[in-house]
Amino acid sequence: MRISSIYPILGAALLACSQISFAQDASAKITSPADGARLDAMAQNKVVYEVVPGPKGDHSHLYVDNKEAAILKELKGSHTLEKLSPGQHDICVKVVNKGHTPIGVEKCVKVTVN
Amino acid sequence: MDLQNLSYAAIQVVHNFGAVAVVGSAVCALWPGLAGMRKKLAWVMLAGWAAQAASGGAFGGVSWLYYGRFPDIHGIAVAALLIKMACAAAGFMLVAAYLYRGIGWSERARQATWRALAALAATALTAAAFLRWFS
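If you're matching them up, the sequences are chains A and B in order.
If you're matching positions, the first sequence starts at 307 in my numbering and goes up one per residue.
If you're matching positions, the second sequence starts at 2 in my numbering and goes up one per residue.
The reader is advised that the hints may include incorrect statements.
As the list claims (entries may be wrong) - One side only, chain B facing chain A, incomplete, derived with CB under 7 angstroms:
(1) S56
(2) G58
(3) Y68
(4) D73
(5) H75
(6) V79
(7) S136
Hints were generated in silico from the structure; no laboratory data involved.
Ideal Cβ placement from N, Cα and C applies to all residues, glycine included.
Turn these sequences into a full structure, and let the hints guide you.
What follows is the structure, given as structure tokens:
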């Protein structure tokens with residue numbers, strides 16, 4: 307077997323591996339703040355997130371109390387929140403498709419601002 | 002091939018050609034020497050606005066079909082979408098009126114109608130860019 311005949315096989319294997327990684331299931335994670343965390347109203351509060359869009363998703367949206375707060379184009383990163391009023395708030399990261407429709411993959415945390 | 006993406010792509014094709022039809026027909030109708038083709042161009046424009054409206058609705062329809070909800074857009078994107086919808090409704094009605102009654106209108110009124118139709122088409126196209134990049 308000539309060594310050059312390995313290249314197409316190698317290429318096909320690499321392509322197959324890349325397809326497997328593209329087909330990874332969608333997921334959303336909020337690393338910070340933790341669920342139930344207490345935040346300081348005077349501090350600059352950041353949401354640290356990580357999403358895997360999966361085959362149906364494209365990017366994600368950030369919601370505070372069910373209102374869209376930001377479009378998150380990066381799959382992993384952080385976003386500084388606008389000043390939050392004292393009390394309980396829901397923070398969610400939802401994976402959306404290219405048409406901005408949530409695909410049903412999301413992570414939400416409840417925080418209390420003092 | 003993913004059926005969902007294929008659906009969005011097919012709708013986008015119709016939407017894009019609709020945009021070409023509404024802008025192109027208005028430009029041609031106002032072009033010196035092409036006034037004799039205005040009736041045919043009006044039909045092209047009518048079809049173009051209908052395609053724009055139907056495909057615009059179909060984008061939301063596919064999202065609803067797959068996920069049970071419409072695309073999540075806010076702020077400038079919503080304003081741009083409303084402008085596009087208003088332009089499509091106004092453009093469709095105006096060109097329909099032109100086809101139905103335009104024969105009895107003065108040349109000045111016809112010229113003004115095509116200018117208004119061109120403005121509506123250009124506004125819709127501009128709003129589309131804002132909808133694309135602010136959502």
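Structure-based check of each hint:
no.: 1; hint: S56; verdict: 13 angstroms, violated
no.: 2; hint: G58; verdict: 13 angstroms, violated
no.: 3; hint: Y68; verdict: 5 angstroms, holds
no.: 4; hint: D73; verdict: 5 angstroms, holds
no.: 5; hint: H75; verdict: 5 angstroms, holds
no.: 6; hint: V79; verdict: 11 angstroms, violated
no.: 7; hint: S136; verdict: 5 angstroms, holds
Hints 1, 2 and 6 from the list above are not met by this structure, while the remaining hints are.
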